[in-house]
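J.: Next come the chains, spelled out residue by residue.
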Amino acid sequence: MTTTSFRASPIRAVMARLRDGAALPVLTILLLILVIWYAGAVKLNAPLMLDQYERAERSSWSWSELVADTMAMERPILPAPHQVLRELDRTVLQTAITSRRSLVYHTWVTLESALLGFALGTLLGIGLAIMIVHVASLQRALMPWIIASQTVPILAIAPMIVVVLGSLGLVGLLPKAIISAYLCFFPVTISMVKGLTSPEPIQLDLMRTYSASTTQTLRYLRLPASLPFLFTGLKVAISLAVVGAIVGELPTGAQAGLGARLLAGSYYGQTVQIWSALIMASILAGCCVGLIGGIQRGLNRRFGGAA
Amino acid sequence: MAVALEERNVTVPAETSSAAASGVTPAVDITGVNLVFQTADTPVYALADVNLSINRGEFVSFIGPSGCGKTTLLRVIADLQQVSSGQVLVNGVSPQTARLDRAYGYVFQAPALYPWRSVQRNITLPLEIIGLPKAERLARARRVLELVNLTGFEQKFPWQLSGGMQQRVSIARALSVDPELLLMDEPFGALDEIIRDHLNEQLLDLWRRTRKTLLFVTHSIPEAVFLSTKIVVMSPRPGRIIDVIDSNLPRDRKLDIRETPEFAAIAHRVREGLRAGHSYDDHQL
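So the protein sequences, as listed, match chains U and Y.
Note that our numbering numbers the first sequence so that position 203 is 203, with each residue one more than the last.
Whatever position you read off the second sequence (first residue = 1), add 307 for our numbering.
The following block holds chain U by itself, in its conformation from the complex:
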């Protein structure tokens, strides 16, 4: 019954979820965040506004005027949610996506290097995990370096990577993708090592009774058994890839990308632009994680998953 009404109309679906009590907590949290945000905007921007009143030698103002003014500043300390939404509307919907003023264009630039970095990082991560699982001495030789690599602050090492690759003649997409890969191989390696060693002794014994080769055991048992673990790692990795791409856009003084928008925004105190780029970045990462989750559900159905 409920499932058919879900398909029938989205509004009815929301109503059904409200009835089930599933949507209410989500909406409450959303509302709470908005209230705190608005309150914060008024509180943080009010001193600036009062300062402006003083300089304009304006002595009489009402509270409602002040509240309205704090939410309509050009360079507020904290822009109000509707200001960010208006900026998003202007730069996403009202601007041609080929324009350099379009946020969609900048998002695509970031996404491009995030995806390339994600692909490189995933391949590296899986490769390392396969080596670590099969060669016992490699576990001791590689693991300390793998862990140490993640203790270096990415903000510190990103400019170095850009400089080194730049001197090798590599500029543009690749240095940014490599910074993404550097961040996102780690969760893939860790989850894959766990996944590849997850088969039970009895399942491995079975392979031995078939006198299966190491490669066959990998292909028929270890890899399929590691898939749920891999996807957990991939979800972490893709959001790190987006972070990596944005960080990679900062030291190059990049002309395009969400990172460039953040940098340009902070140069000129364009807080509304910064916040809309931030919101866009989290929407992007959210969509990427959602996409991976979708692929996982598809694979799960294909391979007989119960849930």
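In short, the hints are calculated from the structure, not lab data.
Treat the numbers as computed from the prediction; the structure is a model and nothing was measured.
Accuracy of the hints is not assured; some may be wrong.
Covered, in the sense of this in silico footprint (three residues per stretch, anywhere, with C-beta under 8 Å from a C-beta of chain U), are these stretches of chain Y [claimed, not checked]:
#1 401 to 410
#2 428 to 438
Here are a few chain Y residues that sit away from chain U, every Cβ distance over 10 Å (derived from the structure) [claimed, not checked]:
#3 T346
#4 L396
#5 A442
#6 L454
#7 P465
#8 H505
#9 N507
#10 D512
#11 T517
#12 R558
#13 D563
#14 R565
No residue lacks a Cβ here, since even glycine has one placed at the ideal position from N, Cα and C.
Go by the hints and put chain Y onto chain U.
T.: Below, chain Y alone, put in the same frame as chain U:
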């Protein structure tokens, strides 16, 4: 009692030599096998001076309490575990060679099906590893599913089957490579008695039709007596053979044979052996 035990043990090597003398290679030939696990404090004797010869086409049950080494013995034959001393021959060659020749099929205590594969693809897994063409794989899957009465369940996934059906799939999987020798480690241990009786009948029927050598680990006396042509009674600490009983029951048997005096006599002798093993154990302690 101790004297009687020794007498019975003596008959075992004699049988080994007679099988060798007849000129036919036994399916399994075990001489003077010891297996010691080194633990932190004391060595554990999982198998002590085990001698046994199994002819082709026999249905042999290994029975005994937990820790008597019956599973270990089966794993030694399957080359899943190495002996400390002594000699094991499977079809006249070492267990390793036999394993590499894929001379046996192994059914574990748990079904050990791969959950991401359908019933059909679980059964064709060993065939894929061997490298058989797809048409042949599917034909064999069809044949063995028919043998275990699971035709029509090809596309189901393991979680959609009951425990008994899962174990039948695992038997079908072992049969799909068409081995001469089938090793089964308490395959019905986790199932209730009604299903167990039913599967025992099916298994017996399967064995009669395929003429394979079957080695079957159990700790149920009725199951062992009902199924076997030879019953090996084992005892723990150290794991050893107490008695080897050749059953005179006809090969073609139905469940109601369990009501006959002949059945009761064999069951009695098995129980005697198990009890003897235990009293020996108590003396040691």
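J.: Hint by hint, which ones does the structure fall short of?
T.: Failing hint: just 7.
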